[in-house]
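Enquirer: Build out the structure end to end from the sequences listed, making use of the hints.
2 protein chains.
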Amino acid sequence: MKVRRSDRLIDMTRYLLERPHTLVPLTFFSKRYESAKSSISEDLAIVRRTFAQRQTGILETVPGAAGGVRYIPIMGQVEANDFIAEMAGRLSETDRLLPGGYVYLSDLLGTPEVLRQIGRLIATQYLDQKVDAVMTVATKGIPIAQSVSQYLNVPFVIVRRDSKITEGSTVSVNYVSASSARIEKMELSKRSLAAGSGVLIVDDFMKGGGTVNGMRSLIAEFDAKLVGISVFAEGNFSGDRMVSDYTSLIRVDEVDTKANTLHAVAGNYMDKNAARLEELAK
Amino acid sequence: MKVRRSDRLIDMTRYLLERPHTLVPLTFFSKRYESAKSSISEDLAIVRRTFAQRQTGILETVPGAAGGVRYIPIMGQVEANDFIAEMAGRLSETDRLLPGGYVYLSDLLGTPEVLRQIGRLIATQYLDQKVDAVMTVATKGIPIAQSVSQYLNVPFVIVRRDSKITEGSTVSVNYVSASSARIEKMELSKRSLAAGSGVLIVDDFMKGGGTVNGMRSLIAEFDAKLVGISVFAEGNFSGDRMVSDYTSLIRVDEVDTKANTLHAVAGNYMDKNAARLEELAK
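Chains U and L, in that order, give the protein sequences. Going by the UniProt record's numbering, the first residue of the first sequence is number 1, and it counts up by one from there. Going by the UniProt record's numbering, the first residue of the second sequence is number 1, and it counts up by one from there.
Some clues are possibly wrong.
Listed next, the in silico DSS-like pairs over lysine-lysine satisfying Cα-Cα at most 25 Å (straight line) [as the list claims (entries may be wrong)]:
hint, chain 1, residue 1, chain 2, residue 2
1, U, K2, L, K272
2, U, K185, U, K130
3, U, K185, L, K185
4, L, K282, L, K225
5, U, K2, U, K37
6, L, K190, U, K258
7, U, K2, U, K31
8, U, K272, U, K225
9, L, K130, L, K282
10, L, K2, U, K282
11, U, K225, U, K130
12, U, K190, L, K258
13, L, K2, L, K31
Rough simulated footprint, nothing fancy, chain L against chain U, three-plus residues with beta-carbon under 8 Å [unchecked claim]:
hint, segment
14, 4-15
15, 111-124
In short, the hints are calculated from the structure, not lab data. The beta carbon of each residue, even a glycine, is placed where N, CA and C say it ideally should be.
Expert: Dropping the structure here:
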């Protein structure tokens, strides 16, 4: 049965939103709705226009016989700025500061709406790069990795500090924790990452960068390639950071352990992505 | 500027899909698109019809001054059956069996498409219950908890077996691991769960049920209420299970440690939800 345009637009929108970065051939929609390719093309032009106006995503057209459309989620400049400001505000709330200069983030990183935004924001930065997997270390980086992986539509892998018997064979590396100056060990299941993969490292909180540096060693052990490093928040770190090229959404710039308060501001995300966000706004 | 119907339908669909179980007043859409309430009502009727036809969700109407619409994601009967069969097949693949009768699941539980389906399927079971939080234990239950929490649009909380300094004060319980018969400890950050909350427990794999039972004790410690227990897979367990009322998507029914193979079948999900799925299909 031929499907009406209004019904097609609704179902098409849902279908595309659930499959970011996936090439969908026009013939697929044409069959699904028993409609002519020319009608489908018109539908997609409307979807493209609406997504662009609302700054929620790009609908990319790939021409030719093997072509189709691909939905690429983005977060626009205004929304990005607002979200980062909101998060800086949330982090500056009283009672977040924990012993050792850590920040309580479990509430934010357990809220679907916040995770959706973090994922969409980080994915926007890497939308045109070859990311084959998102990597993080257990436990608190996992929600961020999962959300980014959803928007890039690639798998995520979890590095562990504890040895678990339920992972099968693993590859491990030693790393130095910059904050504690101790040597630690982290490992990743052998079969979880293929050689040559492009890997995006994400984490919830970076202090000295030791953990991120450990993941970098693991990527080298797997003969994979580092695409980038993105963290939700970077802490106030007085020493030399082990990692220099990273992106942070939020930066904790003042910690007062006596008054038990902290002050958070925007990280370097907007600076790093200024040109990209200008381009996307066009 | 007044927005055209086609554009409204696309943006409305996206807006609703991103906010499951959230009441959106008609006046919100009416302002957003500068369109009459009557037009918005017609739009929503089309969205409702398309969602119902494709069995992707229910668009519930709440009448009255404080009313609006609410999108409730579901997975239809056919899709549910197909997905469970597919997963049983994937689990039966060679090389998944690990020492101790565990099953390698990290690839599946790191794939966004698989997680989306698991989340939607589990959320369908609890769509009309008062779930305030999804609870799981680190590490491998996290992706499932996050996905279910997205579809129910409630926070998730992570119980930990190791003590981490970055969680603040915690409440801990001891529990007996049924598989190893050892006494273990698990804990949850004090501020992560309010008294009286309805809690849904999810996990990746259940053997004797000791871990799930531990979470049940934690829920009692927080004066919260258990709404249900859902696991992705239940293992072959010869002893007495500590938990009897649970739902599983997959059941591992044969394990041959000599040949290093296992055989997985559908869990009790379809039986438990037969009536509900029939009802939703109408």
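Enquirer: For the pair supplied as a hint, K2(U) and K272(L), confirm whether the alpha-carbon distance does not exceed 25 Å.
Expert: violated, 36 Å
Enquirer: Given the proposed pairing of K185(U) with K130(U), does the C-alpha separation stay at or below 25 Å?
Expert: Violated. K185(U) to K130(U) sits at ~28 Å, over the 25 Å cutoff.
Enquirer: Establish whether the coverage given for the segment 111-124 of chain U by chain L is satisfied; the threshold is a Cβ-Cβ distance below 8 Å, and no fewer than three residues must meet it.
Expert: It holds: at least three residues are needed, and the segment 111-124 of chain U offers 5 whose Cβ sits within less than 8 Å of chain L.
Enquirer: Measure nothing beyond the straight line between the CA atoms of K185(U) and K185(L); if it is 25 Å or shorter, mark the hint as holding.
Expert: Cα-Cα ~23 Å, so holds.
Enquirer: Is the straight-line distance between the alpha-carbon of K2(L) and that of K31(L) 25 Å or less?
Expert: Since the Cα atoms of K2(L) and K31(L) sit roughly 10 Å apart, the hinted pair holds (cutoff 25 Å).
Enquirer: Hinted pair, alpha-carbon criterion (25 Å max): K130(L), K282(L). Please report holds or violated.
Expert: holds, 24 Å
Enquirer: Keeping to a limit of 25 Å between CA atoms, is the pair of K2(L) and K282(U) held or broken?
Expert: holds, 22 Å
Enquirer: For the pair we were handed, K272(U) and K225(U), check the Cα-Cα distance against 25 Å.
Expert: holds, 21 Å
Enquirer: Can the segment 4-15 of chain U be counted as covered by chain L under the rule of three residues or more with Cβ-Cβ separation shorter than 8 Å?
Expert: Satisfied; 8 residues make the cut.
Enquirer: Would you check the hint for K282(L) and K225(L), treating anything up to 25 Å between C-alpha atoms as holding?
Expert: violated, 32 Å
Enquirer: Measure nothing beyond the straight line between the CA atoms of K2(U) and K37(U); if it is 25 Å or shorter, mark the hint as holding.
Expert: holds, 13 Å
Enquirer: Holds or violated: are the alpha carbons of K190(U) and K258(L) at most 25 Å from each other?
Expert: Holds, at roughly 22 Å.
In the structure shown, a violation is registered for the earlier hints numbered 1, 2, 4, in ascending order.
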